[in-house]
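Engineer: So the chains spell out like this:
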Amino acid sequence: MKQVRFLLLGILFGFILCKVEAVSWWRMQEMFRFDGFKLFGLFATAIPTGILSVWAIKRFNIKTLSGEPIVIPKKQFNWGYVFGGLLFGTGWAFSGACPGPLLALIGAGHTVVVVVFASALAGTWVYSWLRPHLPH
Amino acid sequence: MSFLQQAWPWYVGGVLIGLTVPALLIAGNKLLGVSAVMRQVCAACFPGNVSFLQYNWRKESWSFFFAAGIMIGGFVGGYLLNNPEPEAIAPQTILTLKQQGVPFEEGFLPTSLFNWSALLTLKGFLLLVVGGFLVGFGTRYAGGCTSGHGIAGLSTLQWPSLIAVASFFAAGILSARYLLPIILNL
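Here the protein sequences come in this chain order: A and B.
Counting along the first sequence from 1, when you hit position 24 you're at 24 in the working numbering, and nothing is skipped either side.
Counting along the second sequence from 1, when you hit position 182 you're at 182 in the working numbering, and nothing is skipped either side.
Hints should not be assumed to be uniformly reliable.
[Said to hold, decoys possible] Straight-line alpha carbon distances no greater than 20 Å define the calculated PhoX-like cross-link-like pairs of lysine-lysine that follow:
(1) A:LYS2 x B:LYS59
(2) A:LYS74 x A:LYS63
(3) A:LYS74 x A:LYS58
(4) B:LYS98 x B:LYS123
(5) A:LYS74 x A:LYS2
(6) A:LYS74 x B:LYS98
Don't read these hints as lab results, they were simulated from the structure.
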């Protein structure tokens with residue numbers, strides 16, 4: 001059961017998001033208004049940690065647990081990154097949550113967030129449907 | 001035990017979230033990203049006739065396990081071991097939101113906005129339903145969210161992710177400042 005690894009990592013990820021209050025609507029508003037440092041500090045430590053770890057993986061040629069070489073998928077720029085990014089940013093400020101925190105909040109018992117998540121699924125579906133007609 | 005219950009400082013959470021990136025790579029060549037699971041759910045449950053949803057989602061089924069894990073982690077961290085203390089939010093934010101009709105309270109969400117009957121108000125509908133829709137539509141259009149672009153994309157030094165993150169924040173900052181007060185006033 002290789003998938004159990006991802007379940008366990010998800011549990012840790014969701015737990016950390018709660019403990020550092022990255023699921024908090026209040027924290028999001030504080031961040032977007034530049035009133036507090038906490039979530040900026042979170043990014044400012046998470047990203048260098050990630051950069052160093054990825055560098056170490058390459059430098060020491062670290063393999064996956066099953067011994068495969070690690071491949072990092074390349075992100076290809078298209079204008080959807082900007083248009084979609086602006087739409088997401090607006091929804092982020094409104095609902096105070098990105099997809100990870102939405103899941104964690106549902107788990108934490110905030111049942112009404114199920115509606116927010118269902119709307120996000122609807123948004124994903126409508127984007128997929130309209131995709132051929134949207135500028136990218 | 002008290003460490004597991006209290007709020008963690010940003011540097012502890014930041015380092016641990018950063019370590020999720022190598023952990024997922026080593027666990028099975030997966031790049032951190034949560035929003036993709038919503039495409040997975042759409043592809044698995046209601047693909048319809050939509051070509052963007054016709055792909056072998058079973059190959060990426062790890063994301064269902066990761067998403068289920070996040071929910072369990074939320075249950076443990078936000079319910080079982082929930083911090084009994086109110087969050088130390090900046091007084092300026094508390095004051096501004098109070099003036100806009102959202103009194104500060106304990107818990108991650110303002111219950112005045114996040115409750116079932118609020119969904120039937122224009123304000124609640126815009127914030128929760130339209131807000132959620134934009135999160136789903138926008139993240140897929142942008143090819144990722146805060147985790148996929150903000151953490152994983154930047155950790156792997158991909159400049160397209162930097163552009164995406166700048167767009168997230170530009171819209172978030174402007175919306176929180178100019179649109180949110182209008183909506184909260186409805």
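Engineer: CA of LYS2 of chain A to CA of LYS59 of chain B, is that 20 Å or under?
Structural biologist: holds (13 Å)
Engineer: Does LYS98 of chain B sit within 20 Å of LYS74 of chain A, going by the straight-line distance between their CA atoms?
Structural biologist: This hinted pair is violated, its Cα atoms lying about 44 Å apart.
Engineer: Below or equal to 20 Å on CA atoms is what counts here, so check LYS74 of chain A against LYS58 of chain A.
Structural biologist: holds (15 Å)
Engineer: Has the given pair, LYS98 of chain B with LYS123 of chain B, been kept, meaning a C-alpha gap of at most 20 Å?
Structural biologist: Given that 20 Å is the threshold and the Cα spacing comes to 16 Å, the pair holds.
Engineer: Need the status of pair LYS74 of chain A, LYS63 of chain A: alpha-carbon distance at most 20 Å?
Structural biologist: Distance of about 18 Å is within 20 Å: holds.
Engineer: Would you mind confirming whether the straight-line C-alpha gap from LYS74 of chain A to LYS2 of chain A stays at or under 20 Å?
Structural biologist: violated (25 Å)
Comparing the model with each earlier hint shows violations of hints 5, 6; every other hint is respected.
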